[in-house]
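Just so you know, the protein sequences line up as chains A and B, in that order. The numbers in our numbering rise by one with no breaks, and the one at position 15 of the first sequence is 15. The numbers in our numbering rise by one with no breaks, and the one at position 131 of the second sequence is 131.
Source of the hints: derived by calculation from the structure; they are not laboratory data. It should be emphasised that the depicted structure is a prediction, and the values quoted were computed from it without experimental measurement. Where hints are given, some of them may not hold.
Said to hold, decoys possible - Cut-off 25 Å, straight-line C-alpha distance, at most; resulting in silico cross-link-like pairs (SDA-like, lysine to any residue):
no.	chain 1	residue 1	chain 2	residue 2
1	B	K120	A	P223
2	A	K170	B	L213
3	B	K170	A	P223
4	A	K170	B	R221
5	B	K170	A	Q230
To be verified - Quick look at which bits of chain B chain A covers, simulated, 3 or more residues with Cβ under 8 Å:
no.	region
6	20-31
7	165-172
Beta carbons: idealized from backbone N, C-alpha and C, even for Gly.
Number of protein chains: 2
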Amino acid sequence: MALGLTQVIVARQPRVGIISSGDELVSPHVQPTLGQVRDVNAFTLSALVEQEGGVPVHFGIQPDRVDELLGAARQALQKSDVVVITAGSSASTRDLTAEVIDALGAPGVLVHGVNVRPGKPTILAVCAGKAVIGLPGNPVSALVIASLFVTPVLQVLLGLRRILPPPGVKATLTLNLPSQAGREDWFPVRLVASPQGFLAEPVFGKSNLIFTLARADGLIRIPADANGLQAGTPVDVTYM
Amino acid sequence: MALGLTQVIVARQPRVGIISSGDELVSPHVQPTLGQVRDVNAFTLSALVEQEGGVPVHFGIQPDRVDELLGAARQALQKSDVVVITAGSSASTRDLTAEVIDALGAPGVLVHGVNVRPGKPTILAVCAGKAVIGLPGNPVSALVIASLFVTPVLQVLLGLRRILPPPGVKATLTLNLPSQAGREDWFPVRLVASPQGFLAEPVFGKSNLIFTLARADGLIRIPADANGLQAGTPVDVTYM
Chain A
1 MALGLTQVIV
11 ARQPRVGIIS
21 SGDELVSPHV
31 QPTLGQVRDV
41 NAFTLSALVE
51 QEGGVPVHFG
61 IQPDRVDELL
71 GAARQALQKS
81 DVVVITAGSS
91 ASTRDLTAEV
101 IDALGAPGVL
111 VHGVNVRPGK
121 PTILAVCAGK
131 AVIGLPGNPV
141 SALVIASLFV
151 TPVLQVLLGL
161 RRILPPPGVK
171 ATLTLNLPSQ
181 AGREDWFPVR
191 LVASPQGFLA
201 EPVFGKSNLI
211 FTLARADGLI
221 RIPADANGLQ
231 AGTPVDVTYM
Chain B
1 MALGLTQVIV
11 ARQPRVGIIS
21 SGDELVSPHV
31 QPTLGQVRDV
41 NAFTLSALVE
51 QEGGVPVHFG
61 IQPDRVDELL
71 GAARQALQKS
81 DVVVITAGSS
91 ASTRDLTAEV
101 IDALGAPGVL
111 VHGVNVRPGK
121 PTILAVCAGK
131 AVIGLPGNPV
141 SALVIASLFV
151 TPVLQVLLGL
161 RRILPPPGVK
171 ATLTLNLPSQ
181 AGREDWFPVR
191 LVASPQGFLA
201 EPVFGKSNLI
211 FTLARADGLI
221 RIPADANGLQ
231 AGTPVDVTYM
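Take these sequences, add in the hints, and give me the full structure.
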C-alpha cells in the first residue's frame with residue numbers, strides 16, 4: 001500500500017480432502033447406538049486446515065472396506081491438493097488405509113509408522129504428485145500428528161519460503177514428566193500465570209481422551225533422546 | 001462434536017471502526033503529489049483486526065479539522081464496538097485527536113502518552129461505554145501499539161476468559177541492542193535458523209520505516225528497567 005501496489009499475486013488456497021474411516025463412526029448429528037462413536041476428526045481437522053489457510057473438503061465417513069474407502073479416496077485425490085484419511089481404531093484397519101493409499105497412485109506409502117507419541121500409526125504418502133496422509137483414528141493423536149505433518153504441507157503449498165517454528169510461549173514445567181527414551185512425546189499442558197512467569201501444568205489422562213486437549217492450552221515436546229523432563233525445566237509450550 | 005453438541009452459542013464478532021486522520025494522507029489507489037503520503041494504517045489495522053477475530057469497518061481518511069474528524073468519529077462510535085483513530089504526523093494533530101475523543105463521550109481520554117517506543121503519543125479512552133484508541137500515525141508505531149492495546153480489547157469483547165501471552169518463539173540475540181532505561185522498547189528482528197536453534201537478528205532502521213517490519217519476523221521487548229540487551233541473550237520473539 002505504501003508503494004501504491006494495490007494488487008498482488010497470491011497463492012490459491014490448498015484444498016484438503018478429508019475422509020474419516022471406521023465402521024464405528026457416525027455423524028455427531030446422529031445419536032450413536034451401542035459400539036458407535038461420533039466422528040470428531042473431520043471437524044478438528046477442518047478447523048486446523050482453515051486456521052492454516054487451506055479449504056477443507058469433506059468426503060464423508062467411510063466403512064472399513066477397501067472398495068468403498070478406495071472409491072472415496074480416488075474422488076478426494078482428484079478434487080483436492082492434499083488428502084487426509086483418519087483410520088479406524090483397530091490394527092487391521094490401519095493396514096486397510098495403507099493398502100488403499102498404495103492403490104491411489106505411485107509412489108504410494110513412503111512412511112508407515114512414526115516415532116512419535118501420540119500418533120505412532122501415521123502414514124505419509126505421495127500419490128500421483130499429491131501428499132496423502134493417513135492419521136490415527138484417536139482424535140488427540142490425529143490432531144497432534146496433523147499439526148506436525150499436515151500443517152507444513154499446507155505452508156509449502158501456500159508458497160511460504162521460510163517455515164518458522166509453530167508459535168508458542170515459554171513456561172516452567174510444574175511436575176516431572178516421564179518419557180520413553182528413543183521416542184518423541186507430545187504432552188498437553190495448561191498455562192498458569194505466576195509472578196515468575198507462566199507455569200506449564202501437565203494435563204494427565206490417556207491419550208485417547210479428548211478432554212486432555214480441551215483442558216490444555218498447548219503441547220510440550222519431549223525430545224526422543226530424553227528420558228523425560230524434570231519439574232522446574234523451562235519448556236516451550238506450542239499453541240494448538 | 002464428541003458429545004453431540006452440534007450447536008453452541010458464540011460471541012458476535014466485534015466491529016472495529018477505523019479512521020485515518022491527516023491532511024497529508026491519500027488512498028493507496030491514488031498517485032500522491034508533493035507532500036502527500038499513502039495511507040497504510042487503515043490496511044495494516046484491518047489485517048490485525050481480522051486476524052484477531054474482529055470485523056474492520058472503514059470511516060475514511062479525515063483531514064486535520066475538528067469538525068470533520070469529530071463527525072466521522074461520532075459515526076464510527078455509533079456503528080462500531082471499538083474505534084481506532086490513527087493520528088496525523090505533527091504534534092498539533094495529536095492534540096486534535098485527544099480533543100475529538102474527549103468530545104465523543106464520558107469519561108473520554110484516560111491515558112495520553114505511554115512509555116513505549118515506538119508509540120509514545122498513544123491515547124487510551126472510553127467514550128459512552130466503548131473503547132476508543134488513538135494510535136500514532138507512523139505505520140510501524142501504529143501496528144506495534146495496536147498489538148499491545150487493540151488486540152486485548154478484542155479478546156475481551158470476544159469473551160476470552162483467559163488471555164494468553166501473544167505467540168512467539170525463543171531465539172538468541174545476535175547483537176547488542178541499546179535502550180533507554182525507564183522506557184519499554186519493541187525492536188523488530190529477523191529469525192535465522194542455526195544449529196543451536198533460532199537466532200534473532202535485529203533489523204535496524206528508523207522506527208518510521210515500514211521496511212523494518214516488512215523484513216522482520218517478529219518483535220522483541222526490551223523491558224523498561226533494562227539499559228538494553230547483550231548479544232547472546234535468550235529472547236522471546238513475538239510473532240506479528
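We went through each hint and held it up to the structure:
{"no.": "1", "hint": "K120/B / P223/A", "verdict": "43 Å, violated"}
{"no.": "2", "hint": "K170/A / L213/B", "verdict": "23 Å, holds"}
{"no.": "3", "hint": "K170/B / P223/A", "verdict": "17 Å, holds"}
{"no.": "4", "hint": "K170/A / R221/B", "verdict": "14 Å, holds"}
{"no.": "5", "hint": "K170/B / Q230/A", "verdict": "20 Å, holds"}
{"no.": "6", "hint": "20-31", "verdict": "holds (count 3)"}
{"no.": "7", "hint": "165-172", "verdict": "holds (count 5)"}
Consistency note: the structure conflicts with earlier hint 1 alone.
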